[in-house]
Amino acid sequence: MNASRFAIGIDLGTTHTALAALDVSLASAAPAVLGVPQLVARGTLDRNELLPSFIYFGHASEGSLALPWDAERSYAVGAYARIRGAESPGRVVASAKSWLCHPTLDRRSALLPLAAPEDIEKISPVEASFRYLDHLAEAWSFDHDGAALGGEDVILTVPASFDAAARDLTVEAAYAAGLENLTLLEEPQAALYAWIEAQGARAHELLQPGDLVLVIDIGGGTTDFSAIAVLDDAGKVELRRVAVGDHILLGGDNMDLALAHGVAEKLGRDGKTLDRWQMSALGFACRAAKEQLFSEAGRASVPVVVPGRGSDLLGGALRSELTRDEVERSLVDGFFPNVDAAARPATRARAGLTQLGLPYAADAAVTRHLAGFLARQKQATAGLPGFSGAGGLLRPTAVLFNGGVVKASALRERLLQNLNAWLAADGAAPVRVLAGEDPDLAVARGAAYYGLVRRGGGLRIRGGTARAYYVGIESPAPAVPGVEPPIVALCVAPFGIEEGTEAELPPQQLGVVVGEPVQFRFFGSSTRRDDPAGLELERWAAGELEELSPIEITLPAEGRRAGDVVPVHVRASVTPVGTLLIEAVPLEPLAPDERWKVELSVRSSPAD
Amino acid sequence: MNEPLPSFGTRFALAWRILFDAGLAARFLKAGEPEAPQLPEPEPIEAAKPAPEPVASRAEQPPSLDPALQLLGLLQREGRFVDFVKQELSSFGDAEIGAAARVVHEGCRRALAEHLTIAPIRGEREGAQVTLDAGYEVSSVKLTGNVKGSAPYRGVLRHRGWRAESIQLPRAVGDHDARVLAPAEIEL
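Keeping their order, the protein sequence lines are chains B and G.
Going by the working numbering, the first sequence wraps up at 609, each residue one higher than the last.
Going by the working numbering, the second sequence wraps up at 243, each residue one higher than the last.
Keep in mind the hints are simulated off the structure, nothing from the lab.
Among the clues, some could well be false.
Unchecked claim - Every beta carbon over 12 angstroms from chain B, so not counted as near; a handful from chain G, in silico:
id: 1; residue: Ala150
id: 2; residue: Arg165
id: 3; residue: Leu198
id: 4; residue: Gly200
id: 5; residue: Leu212
To be verified - Where chain B lies over chain G, by a calculated footprint (3+ residues, C-beta under 8 angstroms):
id: 6; segment: 134-145
id: 7; segment: 153-163
Using N, Cα and C, we set each Cβ at its ideal position, and we do this for glycine too.
Using the sequences and the hints given, assemble the complete structure.
This is how it looks when you write it as structure tokens:
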């Protein structure tokens, strides 16, 4: 069925990208992480398992940024690009992935780097993702005598919270990089696959029907929650992903920055100011100091030194210290405060959206986001055999941690302490911890392992789409001045459609004008599990439906008169790759099986 | 025997193992003919754990200087090593030197950890009584004090010794001059 020799897992992260390969022709195959060749300084090539997700556009003054496979390259991807980000930020693209799920702007428009000087041709978030993947593809060919990465089976991970449009755009970037045998996989699922792979046969003993695994994935830039239920399918264990959280732009980088600002403030009180370069060096120094404090329980403080920028190391250095008390206050209590189960993250009104910027989480408290997730998803296991009726919150029985942040045991303990207190108040038992593997590389490894699982063999996680999708139709109600016309949400894609299957065709018709693009408002819901295709929602609870970028249908004029209104049905399916496909099916087709693709999130609504 | 000849990667890995495994080298010599001892196959994905490139063999670089310059450049980049040893220390107090030493120590330690595997040669605690049997690896042990007679030797371990078990250095790419350990910086 499949001729490729390797199953390739790619973790395309906000701050780091990694690739693991599993040779499926070997009986005892295990995923191995590629040491990615990349520039680490000018004219210096090194290998690292992590490829920082940064692009640096070189200036004419420095000549080419040559790679062994391209002597003329004018940009760099990886470690050198990240370093240049602190020295010359206007020439560096960072966090492209966060831009990829920006709800209101055209993610294909060339806008990065935001503050680029004139000699740089800006690129879109999609193109940035393409360049990271392209670098991996080139590195792979370099290491494998020119063999194309696109010839292998590639499993590319995306956050579980990515909406349908962000998935589409990720696939577009991957196709551009030649990755044709592509499948998408949610990152928390990949983390669980890595755990299953590492446990081997023991996984079946450690996961029993009735278990609910909560995956808490806190990376450099984002926080992602998923819940995966363990079911009994006629005597066989079956895994089903039952809930995913919102897209939360909050991660380890925010935390290190918070510590660095605290130390910078202390230095400021002594009359010492830091430039941007020193601030970046301080960030790295604080991260190292934090890790030391977390790993040595007895230490009260760790010195933090920012070296001078000149060649005189002594004399120019700024010296301060990071105390345990500061870490407790700004990091543990700041990002992981003790809250009760009723706590909810603060939300920001969507007023600032005209401003160009990333929609960072308004509330920095991971524990409040977690409490909100568990409460909103309390119905996620309702009706599943082996799960008791819903309490006040979703009740996980086990936790798998993933992402660089949770390497710190103090933070894991704090999360568990809160989670177990909420569960106890709800009358449930405390959770077990599934001991994870290297949390920086687990997602890439798990994705490669999934390539093996897909060929038949091993536990597979099912679940389908994590959202239901709705098209907004203005209802024919009399207009009231000052009140937005009421809108009806027509469900076109129910929750949980599996790869390669189609939703039912809803009976409602939409009118589409031939020859010109017609936009519809588009909504998603991660909690409405039982809405069938064709259901018309007139009202919904606050937060139940989230408005996404609009969708657009353009009917080609062939065979029809431009300007005519053609009635269509809207049908949804999930492609084998794992993206949502919405198609318009005309009531009176001119050809058998006539249908048109509906574009997800083409551009932001006109600004006027 | 119609087996395919070993690939370059296999041969390189083999050379490497012989270099750092005296026992293996001895067996190799005893075999008396160039038939290679049976070795396990190399890693399934050779490139994923790349064998260090024989940088010096690349024709366009000066044969012996490049790895040394790469190592110095690495230590300077990660740990400001050249800055530190080039600066005159006499006018500074211990506190200032200590602060700078943290930067150098942390950075150089990380750089070495990522590029070399350095392991002690002897596993015993320093100060412990040790016995060296005949046939010990002469190149990895230095005898001091009252050195005479023949093995077995009994003595006190004064230093555990270090061995670089693997090394993988960055390499120059493009027309970059590797002698530039750190470029001059001019802020505009």
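Hint numbers contradicted by this structure: Numbers 1, 2 - these are the hints that the structure violates, sorted from lowest upward.
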